[in-house]
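These protein sequence lines map, in sequence, to chains D and W. Heads up: take any position in the first sequence, counting from 1, add 1, and you land on my numbering. Heads up: take any position in the second sequence, counting from 1, add 1, and you land on my numbering.
These are computed hints drawn from the structure, not numbers from a lab. Please note: incorrect hints may appear among the correct ones.
Identical copies go unnamed one by one, so any copy, or any two together, can satisfy a pair.
[What the hints assert, rightly or not] Distance condition first, Cα-Cα at most 20 Å in a straight line; then the derived DMTMM-like pairs of lysine to aspartate or glutamate:
#1 K101 with E90
#2 K79 with D123
#3 K79 with E45
#4 K79 with D4
#5 K79 with D51
#6 K101 with D4
#7 K79 with E20
#8 K101 with D14
#9 K101 with E20
#10 K79 with E90
#11 K101 with D123
#12 K79 with E62
#13 K101 with E62
#14 K101 with E48
#15 K79 with E48
Chain residues, written in single-letter form:
Protein chains: 2
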Amino acid sequence: MTDFALHPRLAADTFAVAELSLSRVLLMNDNRFPWLVLVPRLPEAREIIDLAPANRLLLAEEIDLAAAALRELYPLDKLNIGAIGNIVEQLHVHIVARQKIDPAWPGVVWGFGTAIPYATADAQTRVARLQAVLSRQ
Amino acid sequence: MTDFALHPRLAADTFAVAELSLSRVLLMNDNRFPWLVLVPRLPEAREIIDLAPANRLLLAEEIDLAAAALRELYPLDKLNIGAIGNIVEQLHVHIVARQKIDPAWPGVVWGFGTAIPYATADAQTRVARLQAVLSRQ
């Protein structure tokens, strides 16, 4: 896996949170929605169905871990999970905590308006809490 | 599983294609995009992380089956997979074949414009082809 490099667009839009067995966990720098992104550390990966079966299974488990962490830390009415990749080709999966009072509800977050960055201290706190929850699991 | 009933909104918007081990496969009645929806036949299911582990695994496998069927039958540049459920609470997963020339590219299909129904014969042909591919797997 030495050839893995995070896509520059993902690097620019997120904070690094943790490394799971397969995936890097990122926090989207957008305080409108608690929003994680999982990026399997597999060079050239683009579609889930092209992963080896063992990696597909790991990815499904890590999506569940990330979703459970969001639900533990944030109030939410619905989890939204998406593997899209129309703009950034590198395989990545979005896990978003949605509330009926959030600005995009009931629409999806993808393509919705403009991200509002976190204040630095807020981002650091959120990353630390996510790390604590993810490291327990 | 006797209490399972397809949500009326999903029933109205789709054609039934097949029954997999866990999920009903539906074809969205929208000729802008080849678009399948999987609905696990589990009453009250809403979030993937609340399914029993065996069902989570089955659902992940069935998502892969549906994605592979779309890729076999339709030209596509990217698969889009989403578990959203902000409007229809019944657990369902979207699998969409996207092309760079489709009307929503590179945005997502959810919330994009208005569905264009298939002509009846076209829908029947598509359902039959999907059934043939899914029954082989």
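Evaluated hints:
1. K101 with E90: For K101 and E90, the Cα distance is within 20 Å only across copies (13 Å; inside one copy 30 Å).
2. K79 with D123: neither (23 Å within a copy, 35 Å between copies)
3. K79 with E45: Classified as between: cross-chain Cα gap 14 Å, same-chain 31 Å, threshold 20 Å.
4. K79 with D4: neither (36 Å within a copy, 23 Å between copies)
5. K79 with D51: So K79 and D51 pass the 20 Å test across copies only (12 Å; inside, 28 Å).
6. K101 with D4: For K101 and D4, neither the intra-copy (41 Å) nor the inter-copy (28 Å) Cα distance is at most 20 Å.
7. K79 with E20: Result: close neither inside a copy nor across copies, 25 Å intra and 26 Å inter.
8. K101 with D14: neither (24 Å within a copy, 24 Å between copies)
9. K101 with E20: neither (31 Å within a copy, 32 Å between copies)
10. K79 with E90: Intra 26 Å, inter 9 Å, cutoff 20 Å: inter-copy only.
11. K101 with D123: neither (22 Å within a copy, 38 Å between copies)
12. K79 with E62: For K79 and E62, the Cα distance is within 20 Å only inside one copy (19 Å; across copies 23 Å).
13. K101 with E62: Classified as neither; 27 Å inside a copy, 31 Å across copies.
14. K101 with E48: between (31 Å within a copy, 16 Å between copies)
15. K79 with E48: between (25 Å within a copy, 8 Å between copies)
Comparing the model with each numbered hint stated earlier shows that hints 2, 4, 6, 7, 8, 9, 11 and 13 do not hold.
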